[in-house]
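Peer 1: The task is to assemble the complex, starting from two chains supplied on their own in separate frames and drawing on the hints.
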Amino acid sequence: MIWLNQVIQGVLLGGYYALIACGLSFMFGVMRIINLAHGDLAILAAYLVWAIVDRSGLSPFVALAIVLPLMGALGWLLQRALLERSLRAGVLVPLLTTFGLAIVIQNLLFLQFGADTRSLAPAIGDLAFDSWSIGSQIYIGHLAGLEFLVAVLMLGGLQLLLARTPLGRSIRAIAEDPDTAELVGINSRRVYAAAAAIAVMTVAVGGAFLGMRATFGPYAGPAQLIFAFEAVVIGGLGSMWGTLAGGIALGVAQNVGAQISPNGFLIAGHAVFLVVLAARLLRQRIRAAP
Amino acid sequence: MSARAGLGIQRWTPLSAAAVAGLGTLAVALAFGPLYLGANAVDRLTTLFIYVILAVMWNALAGYGGLVSVGQQAFFGAGAYAAIRLSSFGVDVYFALALGGVFAGLVALALSSFALRLRGGEFAIGMWVLAELFHLLVNLDRLIQGETGTSLIALNAFGPAARRDYNYWLALAVMAGLVALMFALLRGRLGSSVQAIRDSEEAAASLGVRVLTTKRILFVVAGAGSGLAGTLYLATSISFQPATYFGVQWTAYMVFMALVGGLGTFEGPIIGALVFFALESLFGASGVWYLVGLGATAVVFALYLPRGLWGTLEERFGVRLLPVGYRVRAREPAAGSRPPRQEGTSRDSRL
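If you read the protein sequences in the order shown, they are chains A and B.
Numbered by the working numbering, the letters in the first sequence go through residues 3 to 292 in order.
Numbered by the working numbering, the letters in the second sequence go through residues 1499 to 1849 in order.
Here chain B stands alone, though its shape is the one from the complex (with noise of 0.2 Å):
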């Protein structure tokens, strides 16, 4: 094959280069906002970021590990109870918030060796169950006072300006932190590992891929970001009802962030928070209907656009911003021949 010696693989482009460098620079420019937004903006940017995560760390699940799971509102509602309890025994309140994003990330790990072992449907509802039993669980603590539900009292201690900005602080570094880390986690091994097992477990288990430590390690991931997310809000919100953190809604609006943005590709879920977040602003207000529509979104995205708006644009003009994955290009195109532009299977060729 004497083509061969012309193919090279590569997983930066300029573009994507660019497109890196100008999201730093963008969390950058964002880390100053409340000097220059407002108070309003600053709420509710802090509720995008909360999204970005949700919708990531689905994202890492559902279209990287084939886990489509229901139940995720069960890390985050377990996060945002652990830090009411801790805030209680008297930890220091945002170190609580911390700890609560921790403790989700425990619970996914004390469950994963059960839960993972599930397949399609039965992990789907599976989880979900589990969620329901940590909100009837959750509801025998005293200290929530069944559905009536509690607060995060701690946190008057802040007045709501400074409060305000901290939790905006707070949403920005554990969001960015968060990709940062999903994105390292699958351009690595891990990355390659995961979608061998997505596409078939059997065949990447005969591969070397240890199938159960690396579904381990992104559940885990997914359920302390979850978890966090789940601490954030209670930040924002300071209330905790049960029935509000540890509702099938959570899971709804990541499925719609998902499949909208581009389920299994890295940019789309934040473009689906960010699509999420401008249609809830406009639409949100007219409720019900609001809430029809994102379902039946949600379906026609999931039959005509699986890969969504990001997914599409991606397979059309080859554009990668991050690049998780791997192309196989010609290195020096011959005269009159255009370089191969199909990415290639993301197969680590270590494995």
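Just chain A, with the same shape it has in the complex (with noise of 0.2 Å):
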């Protein structure tokens, strides 16, 4: 029963995983870059989040909704100031700008807001206990259910806007092959913009929800780039739902290994990471080999 209870939590960990790891697959199924500040863009919003509701006392739930735009006006920010400049530069720049801007977003947090760490889970009142018990040795607490939903909604929602929308055409024609795109009208520039601001936003909730469930410094940025990155590659790069699988596996992996010894936790995340991306190397090659 105690694995049992281990998987599911692990499944709703992997909720979380999806919401921080959807921008991240967003960003490079449309623009072919990793976005190495990733992480840091949620923790930074998570401080926002914290620091609205220390100031007024509002809900997180009303201060991700003031978040959320602010987010969105950065990552529009970001694509224009630097990721835009640093794509026509070639594959390796990106990684180079978005690693310098990971150094200055964690610093300057760490300035701003110290070495405490925060937490938004004494403002959400009983959300954070809360749970519904299956049986008697099984408990979900609402949080995880609610975040596990957003999740789905997240990526459900992006899925529909890539299909149903005229926006969603035009990322998917620029992700297909920018030039052609601006060939038959299509202003690349405001698009690529558009889809980092949808992927900082998406980043938003994802650190939002990350305090509500933990605690959080100004540090914690690159471990959740580095399980959004688990998350998508596990995945398969690009595609929203396999996110979502990605996520799962890891946080399963992540929760069996916990019980398994006290250092499993990290340790079962990044082998089964290791081993999935070694599994498909060696898939290519044995469908490559005549």
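Since the hints were made in silico from the structure, they are not lab data.
Please note that a few of the clues may not be correct.
Said to hold, decoys possible - Okay, the calculated beta carbon distance ranges per label pair:
| # | chain 1 | residue 1 | chain 2 | residue 2 | range |
| --- | --- | --- | --- | --- | --- |
| 1 | A | T182 | B | L1780 | 48 to 54 Å |
| 2 | A | L72 | B | Q1643 | 56 to 62 Å |
| 3 | A | R191 | B | S1649 | 54 to 60 Å |
| 4 | A | Q161 | B | A1701 | 44 to 50 Å |
| 5 | B | F1587 | A | F131 | 23 to 29 Å |
| 6 | A | L284 | B | L1533 | 53 to 59 Å |
| 7 | A | Q286 | B | A1794 | 34 to 40 Å |
| 8 | A | P168 | B | A1701 | 37 to 43 Å |
| 9 | B | G1791 | A | S135 | 48 to 54 Å |
| 10 | B | S1698 | A | W5 | 47 to 53 Å |
To be verified - A few chain A residues that face chain B, going by a derived Cβ cut-off under 7 Å, partial list only:
| # | residue |
| --- | --- |
| 11 | V93 |
| 12 | G102 |
| 13 | F231 |
| 14 | N265 |
| 15 | F267 |
| 16 | L268 |
| 17 | H272 |
| 18 | V274 |
Quick caveat, the model's predicted, so the values are computed rather than measured.
We put the beta carbon where it would ideally sit given N, CA and C, even for glycine.
Peer 2: Right under this line is the structure:
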């Protein structure tokens, strides 16, 4: 029973990973870049929500509604000021610029908020600890359930956006072939900026949930980036529902690993990621072989 | 093409020959450093040598090989850990430090078949995950005592003054050896092959470049070099805390040095290390703001000066101090016409 419980908690944790990873997956799908400041943007959003809650006493969900457009604007700006220029310079420069940006964000957060870890849990009252019980040993936290639901809705929303809306059509066209998309009248600069804004808004949601379910500090970003990246790669780069599956696989592996040994949580997660990656490379080689 | 007869490939210029001779002289002068330098200067220079090693290794991977790794701290930490482990088995301490570098090279060799098949961001973060995993695995060793860490106690057999001098000489020798090795590698067939791979893997393969072997040599040398830097750092600081050695800040420093000095130039990372060392000496005490400045500077260089300080100078004045490339020049310039000075493509004609 304890193992089943770990698996269920792992699936729910996978919801959080999907939440934090979908922006990374979306951005990679559209622009073919991996934003190394992704996790730090999540932490930045968590701090913004925390600061609003701390000063005004509003609910974190209301605060998130205020932070979302700010983060969207930041994503837009990020694309225009930084990524656009990096993208033109080749595939390596975006890695270098976003890595530099990550260091700037982390240390500015430290300067502004100090080294203390923060949490939004005190601000959401019962939601932080209430749970549904299944049988006598399995509990599903309300917050974890809500988080999972939001992840599914957000991934579904992104999928719908890509499949059904004019913006989604432009994004897909640009992801396929930016030059031809320009020829048929798509303004690639605007579409890229809109995609970046959407991606950073999804990261903000992930950051807010991180703040509600756990504690965070100024240097917590890189760990979130690694988890998000692992979820994206396990699920297959650029696939939305794959990201959810990848997040669940990662969460289950971590929770089962934690049950085996105290150090097992992270080790099992990294190991599953590396094994999936190695298996995929092996399959490619076998297919490529005559 | 009548002009063709008048063209030649030039690799050395009088200036670059003088530069290499000058560097050789400097290395000899530095070798006698402990005789005329103060204790503090010897310590600081040892640190500088470690930075030069890190910068040259990372630049070889990223600037020449197109392999941006965010996980070189994996080798830095693995080298230091191996030295601690071997020393605990009774291996002579300085020999254990050298073997730490060998161990890091072996780790790189073992990882290479997997890691080098990853592309771009996958390679970057894949290496990072490996570094995190190494960190966690090293923590499982009871000798290390988790994040508390341990010390290279065997070094206490030497007095502080003797240890300072030994570390200095060791770091100088390792730096000089690795820089010379990298110079020889990049000037030779490997340098041309690896740049061809960086620019287009498929095109390079179609010309007969052995893609994986070429990348593997570079990856293993860079891994061993970063591992040696880790053992040298261990020799100077004595204490080993896993979080320090496996921290991503090492890669941040490497990125900074290579970018500011000039990614993909041979001289660049050495100059970048000097700049980084100077900035650290001046502003390191201001802590977090210093780190913000480092990150911001890296962003600005990546966007606006992607060839770095040295690459920009090189482009403008055509100076090569440590020439690893090829340049096409007129042998006897015709009257009234200036010799073409631009660098030819660095593809090796033998390939």
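Peer 1: Which of the listed hints are not met by the structure?
Peer 2: Of the numbered hints given earlier, those the structure breaks are 2, 4, 5, 15, 18, listed in rising order.
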